[in-house]
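Student: Next come the chains, spelled out residue by residue.
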Amino acid sequence: MSDETDVLQGTLDLLILRTIALGPMHGWAIAQRIQQISDDLLRVQQGSLYPALHRLEHQGWMTADWGVSENNRRARFYSLTRAGRKQVEAEVAKWERLSAGVNLVLQRT
Amino acid sequence: MRAWHIVRSRLRSLLFRGGRESDLDEELQFHLERETERLQANGLSREDARLQALRLFGGVEQIKEASRDARGTAAFDALARDTRYGVRRLVRDWRFTTAAVLILGLAIGANTAIFSLVNAVLFRDSPFADRDRLVNIYQNDLAGKPLAVVSYDSYQEMAQYTDIFAATMAATIPMPARYLHEGGIRSGTAEYATASYLDVLGLRPSLGRWFDATEERPGAPLVAVLGYQAWTRAFRADPSILGRIVRIEGAPVTIVGIGPVHHRGTLDVGLVTDFWLPVTALRELSAMPVMRAGPTIIAPFFVKARLREGATLAQAKAAMDVLAPRLVAALPEELRGGGELAVGPGITVVATTDVRVHPQADAPFMAIASGVLVVVSLVLAIACGNLATLLLVRGAARTKEIAVRLALGATRRQLVRHLLMESLLLSLAGGIAGCILAWWALQALRGVELPVTVDLTVDSRVLAFAMALSLITGVAFGLAPALKATKVDLLPGLRDEGVPPIDRRRLTLKNALIVVQVAVSVLLLGGTSIFLQQLAAARERRVGHAVDGVAMLETDARFAGYPAAAVVNVYDELRRRIAALPGVQSAALAYGLPMQSGTVAIVVEGASDTRSNGDSAMIWAGPGFFETLRIPLLHGRVFDARDRAGTPSVAVVTETMARQYFGAVDAVGRRFRNGNQPNSWMEVIGVVRDTGARSLSPDDVLARPPSQFYRSYTQSGLVATTVIARTSGDAAALLGAMQRELRAVDVTLPVITAQTMAQDLERSQAAPKVVATFLGVLGGLGLVLASIGLYAVVAFSVARRSREIGIRMALGARSRQVVWSIARGVAGLIGVGTSIGLVLTILIMLALRATSGSAGIGIGNMDVYRPDIDPVTLVAIAAVTAVVGVAAAFVPARRAARMDPLVALRYE
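Taken in order, these protein sequences are the chains called X and G. Numbers 9 to 117, taken from our numbering, label the letters of the first sequence in order. Numbers 843 to 1750, taken from our numbering, label the letters of the second sequence in order.
Wrong hints could be hidden among the right ones.
Unchecked claim - Which chain X residues face chain G? A few, computed with CB under 10 Å, are given here:
1) HIS34
2) HIS62
3) GLU78
4) ARG105
What the hints assert, rightly or not - Covered stretches of chain G, going by a simulated chain X footprint (3 or more residues, C-beta under 8 Å):
5) 869-882
6) 1007-1017
Since the hints were made in silico from the structure, they are not lab data. Beta carbons are placed, not taken as given, at the ideal position from N, Cα and C, and that holds for glycine.
Make the full structure from the sequences, and use the hints.
Tutor: Below, the structure is given as structure tokens:
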């Protein structure tokens, strides 16, 4: 556990939105994908994943529909809405500004 | 787009709560299984994989809770939870719930019904365009107060001021207008108006057109505009009515248009006008000979004008001040001095928006309306007080439950919220029940035959009123008990020792509630008794003539196409035929003037003051009238064949009138005239005993004993008649024979009404009966509510004292002693409440007696009844209240005393 980083509060939304921008995905797959792509550096806690999913759906960034999963089970698939796509861009830009700023501070001190 | 998603998701979360919960379950379950599969693939056994997945997952319930919160429906959830909880509790206590909903339903229903009446009369918005540019114009009387009438001549003078008024109109008060429809004669109302009517009001006919200036000229073919409500109700909104001929008051009238949709009548006080006709039609249609004969139309006209752009109310006033003296100078000499139409040298101009009915009538009108509203709110106050008491009782019974919940960590706020939710649910249910009751009451009221059509609809304003009322009452009766119930000292509450010994001397909330409830119900009963007294008095006065065995047949030969001059011969033949029927002792022609002003101003010949000496009621009576009604003759003679058109006018007066105007019962030979008609001198030929009835079908039953006189029907020139006949047999059986004779005279003669006089009297009392019943119900309701409240309070205090009672019984007290000790305390409170109520009732009676007898506004008089302060009634009211109250106290007290001391000690 020590070598895995908990996702920073607030960036989880960005990660979820960015992940499902590739295509509809269910909750477990989203968590797995984030973990894989980050080379197991980032780990999403279920305790924050599902509330985040429901919050994002509720805010209108994404919609959820029941579908059939890769192992042939009924699963809830999340996909981006049009507003969600715009939101991804905005969040990415925001993150880039933020990380650039943080990097600068770290380098120059 | 996003907003749509949000709305949809939120709606879904609210509507499909169950579905959402199972969705969430399934979603998390799927996650767990998928994770288990993954771990199994990594080489773990199924069992270990599942355990690890669960460990990784964390608390399922917490995740669910957090997900739910993420949807932002937490507040709704709490509300829904409270609602569900409240509904469950109320369903479980269904007896309490039923009682509470009934109490509230009755109280809110009564309030809503009354409010919809007041709403119909006073508050509905008039549909006039640019209302602030409209003015009402009244001629003043000699005292400078606005009269209700403006003569047509005066109106025409006012209409000349076109530099100030863009348009001016005149319309009469609604007058009775009978019309032939679907083979029957219907009674309706008509306003006679000018062609400029709609222009001034800024309205358009909803169909067809208004009549124009050419149709307003004398001799023009008769046309009429049908009121929108009459069109939709009586004519089923049939558009083909345009161009058709309807016989109104016997004359063929072409319908040229349908009135504006929301326009009910010029007065706009809830009375619905059925027809609008040109003013000149009044001469041909009016049943009153005065209006048919006069070169000037003497009719009660309302005048309204629309101010020109830029013209001000002040300018209009100034112009009318100049005109006023000229109008007086133009009056005939005899009219200047006295009479109802005695016009003074002044004109009142008021903005239409500042007047409801008439400047002189508005204040008493509002006073009556607010008086009635106060009475019904008293009932509501009692109901609230009661429910507060009941809730207090329940709160006390739930002390332990509340203490437990507080101990388990519920906040006081949550508990108060729960309790308030319960009372709000109760009051909403009560509000709905109230609306249903009110609607039902109005339906019943509509079934009563009233001389006018009142527009009674439960509109959005009434519904809003009812709902606001129920919400307010919910908080009003729920808050205090909720606060009190949750103020629990935890330890004693849990240990069952929360009940302090009762202190009777203290002024507690409960004691005050009892006193107030008793006082208010005494007040209500007192008010009811005043009205019943009034009604009984009216009934008694009426039985001045012999009613049994008299049959009445009303007809109007104009509907059969007879010219006005020929109708008397037709009626006379009808009377002779009916008089000749077997069993008929006598028959006579008569005519009462229902809905007309009923009274006329009297000027006595030789009186030093030429002004009107007062008002007197008038009935037209043909030969045989007094024998038929068995009204004894005191002096002189009654009408006979000598009194015909062309012979000097004669009158028969009642003893009251003789005393009042001539100073002696024997007034034979004296002369008087109608104050409004200069040359209407008539000679008194006889004096008869008082009867009490103002007209044959009087609607003013609440008036004081009237001064009254009779004129000869054969000298009247009247066009409609009622044949009255007395039979030695059954009056109802005679009706058929009378109608056969009518058809024998002319088969086209219509039967307007055919009934026995007893039926007629019964019917004429329908309206006051409704009011009396209503007040009686209110009074009874108040008493019932107060008794429930008393019962609840006493039961409550007894329940709290059961331990004390048990100890006393265990120590050897007799059950009778216990009952008395409880009843004594309650009796004291009832005594105080009753005394306060009686004092208030007497004060109100005194106030009523002190008000002036009548508020004259020009059209008739509004009589204010002066109640007798009748000690017997007051004692009876006090006795009834006391008995009911003590009975309410006795039942729970006895139950307490019969309790096994052991049970009582262990109780709670």
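Student: For every hint, state whether the structure bears it out.
Tutor: How the hints compare with the structure:
no. : hint      : result
1   : HIS34     : holds, 7 Å
2   : HIS62     : holds, 4 Å
3   : GLU78     : holds, 9 Å
4   : ARG105    : violated, 23 Å
5   : 869-882   : holds (count 9)
6   : 1007-1017 : violated (count 0)
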